[in-house]
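Using the sequences provided together with the hints, build the complete structure.
In order, the protein sequence lines correspond to chains A and B. Using our numbering, the letters of the first sequence map in sequence onto residues 1 to 436. Using our numbering, the letters of the second sequence map in sequence onto residues 1 to 436.
If you're looking for bench data, these hints aren't it; they were derived computationally from the structure. Glycine included, each C-beta is placed from N, C-alpha and C at the ideal position. Among the hints, erroneous ones may be present.
Stated by the list, open to error - Derived DSBU-like pairs: lysine-lysine, alpha-carbon spacing no greater than 35 angstroms straight-line:
1. 432/B <-> 2/A
2. 242/B <-> 432/B
3. 242/B <-> 2/A
4. 242/B <-> 193/B
5. 242/A <-> 375/A
6. 242/A <-> 193/A
7. 2/A <-> 193/A
8. 2/B <-> 375/A
9. 375/B <-> 193/B
As the list claims (entries may be wrong) - So these bits of chain A aren't anywhere near chain B, every CB distance computed over 12 angstroms:
10. 135
11. 172
12. 285
Protein chains: 2
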Amino acid sequence: MKIADMIVTPVAIADAPLRNAPGIHEPYVNRLIVELVGEDGESGFGEAAYSTQMHEDLQRLRPEIIACDAATQQRLYEIVATHLDADPENRPDPVLKNFDLSPAKVKTALPRTFSPIEVAALDLTGRSLGLPVAELLGGRVRDTVPFSAYLFYKHAGGGGEGVDEREDVYGEAMTPEGVVAQAQQMIDRYGFKSIKLKAGVFPPDDEIAAIRALRVAFGPGVPLRIDPNTAWTVETSIRVGKELADDLEYFEDPTFGIGGMAAVRHGLLAEGVDIPNATNMCVTAFSHIPESVREDAVQVILGDHHYWGGLRATVELGRICSTFGIGMSMHSNSHLGVSLMAMTHLAAAIPNLTYDADTHYPWLDEGDEIIVGGKVAFHDGCVTVPTIPGLGFEIDRDALARGHERFQRIPYRDRDDAGHMRRTVDPAWERKLPRW
Amino acid sequence: MKIADMIVTPVAIADAPLRNAPGIHEPYVNRLIVELVGEDGESGFGEAAYSTQMHEDLQRLRPEIIACDAATQQRLYEIVATHLDADPENRPDPVLKNFDLSPAKVKTALPRTFSPIEVAALDLTGRSLGLPVAELLGGRVRDTVPFSAYLFYKHAGGGGEGVDEREDVYGEAMTPEGVVAQAQQMIDRYGFKSIKLKAGVFPPDDEIAAIRALRVAFGPGVPLRIDPNTAWTVETSIRVGKELADDLEYFEDPTFGIGGMAAVRHGLLAEGVDIPNATNMCVTAFSHIPESVREDAVQVILGDHHYWGGLRATVELGRICSTFGIGMSMHSNSHLGVSLMAMTHLAAAIPNLTYDADTHYPWLDEGDEIIVGGKVAFHDGCVTVPTIPGLGFEIDRDALARGHERFQRIPYRDRDDAGHMRRTVDPAWERKLPRW
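Written out as structure tokens, the structure reads:
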């Protein structure tokens, strides 16, 4: 299907005051919606994390993408690569420049900028061919995709500002009890079978207590994960790993870098503790894999098509993981249904994606979803893989327009969790990693 | 497209008396043609090396494949895997049991048996969707695929027997001069820009002389490769590598196993010789890759969708190669146009397939091709990647039937190069690897 137009629409969605190692979520998170219009008038959609740089890059790419064939995604990749004039490993990441959990070179502009174009091209191709995207990726190996409950320490508030302020569905969660209550609410609504706690917010013993409280509340059968986003030193990570030896399904980015993660892994093994390390921070591009394999730093990679370069690249990451005996799970940022469905088709097509995937979707306010029918339904923690063409949804044009108006109205642009922490919680806040 | 039928047709094609390390090609080589018939009556085709075991397996799979959707290739894989009840690494290879260049576990039944089904399913899917197979694999990154001239030491004779005996187009080639004449003929007909010599036939100094004669005849700009199929010890390999240090593009399987190849690589590097090792013998499955990476045994993998598990799996192999800085080229066995076109679409979709691919296609007698229009055209050593749906050919039903009649008529079944060597050249012949 020839591409007749590419329309890039930034949208803002309300976001609750969720805490993390570098700070706190702002009242809105911005996303970029990429629409590829086929010459028959049908459209395909992709979604990406917003950044001013990527917004500009995508807009500048429009004349080059038009008239390409959506089915030839590798040509689209070459166009993006040429446009960015990028050494894929050296161009600083456009999304994380303020969030900045990782060294500048860790994430890259090329795979990030290509990703929403590729997803939209696959969606458009699938729609024009009558084929679900999972089938374009080699075919589904599962009919439902399990996700996990994604818990955050959280201040009171539902996100949004002024007339746009949202209901605080989950309430405050600043203690182990609050975390357990949040988990219970989320599991009651979505049916999740596993739980992840975003940590690195309070001193490690408090977060150990939260994991223990979750274990007591939900019993021995529920896999638990903790993710302090590199807030801990190697020594602290080893101590926490030992304390939680019997409780963690995997240990997500306790400390910084491939070297640090390797030191944690080998330190824990030396103590007889065999919790796999997981990452979406130190192995985020294909070029990071050889060193990680050599050091045995990471035993689970959390794939994310938004920065691994799209759905096909992430399927290929899956083969690398199975080849090297690395487990595979899926990372998430705040997102809309477009990305949720892309993740669902992707997970359906990766045989070895055997861990429940992360998703921020429970934190999305119903009023902000831009697909027809509102928020995607979960059953027993799972999303059903659509069998209709493309990604399997229709865009709600009114909701998309509202999201764009919201974006135009708000002052927030590039993500700045640390700045918002200073503005709203602690004027003396500094991003400090490791903190403990 | 729902699969209404699967038809497996063994065909015999005439083969010239080509020499190799284990013996000599028999007068015929058998291939399996897998046809998946869609419920709309359209068909897709795949081709595989023949073996009695695989023929039986494919026939037994027929009722399980029927009614599946051709677009869901991973479900087809699961069916084959379940049927073979296979640990993919442990079932002995069905094709190479007599050829036996490699240890029993090196090649495997599951990816081999799945491959022609997957290719046929992609062909059928592409035809039903109006999309070339390269686009189903992510899209072409090149419009033509370069192949190399594949030279053999050769006795007089054109292949086939009795009334079926074929013209000896290339003549005998048992000396450096003969090899050069063969190369000249092949390059005149096909326009190849690089040359591979199948070696391991004569003592190494004779084969060094042949490479030097090729260098003199074709000048410094033509990449040369030598492939003795593990006929040499590590010591001999290092000696040959030093002698040909300035002449080889890569050094294909000089010696046996990942350990042997690593010893050759590191031995040559210690002597200041940096010729990349290439293989289609010691790294032939995903499970072999970690050890090879660890030992830096192989710098170029010769992918082959026939035993890596189909076209999608080989695209994934391409990503592994680019991730680990391993070059990629393509292996070949005697084959028809179905496999040639599958190789062409595959090579078109692998960005880092930067070496000219191997092909035995020049050795195929025009009378044996089973696609409409006869043998595929080469221009300047390249095959043009089709832009029409599927693999881009129509099957010549009469030629297919003739090929099957030929198969029924001949006594040859599973490949037996050593046995044929004893029967026709040297009654005392023994397969001996390494021989020098």
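Violated hints, by number in ascending order, as checked against the structure:
Numbers 1, 3, 5, 7, 10, 12, in rising order.
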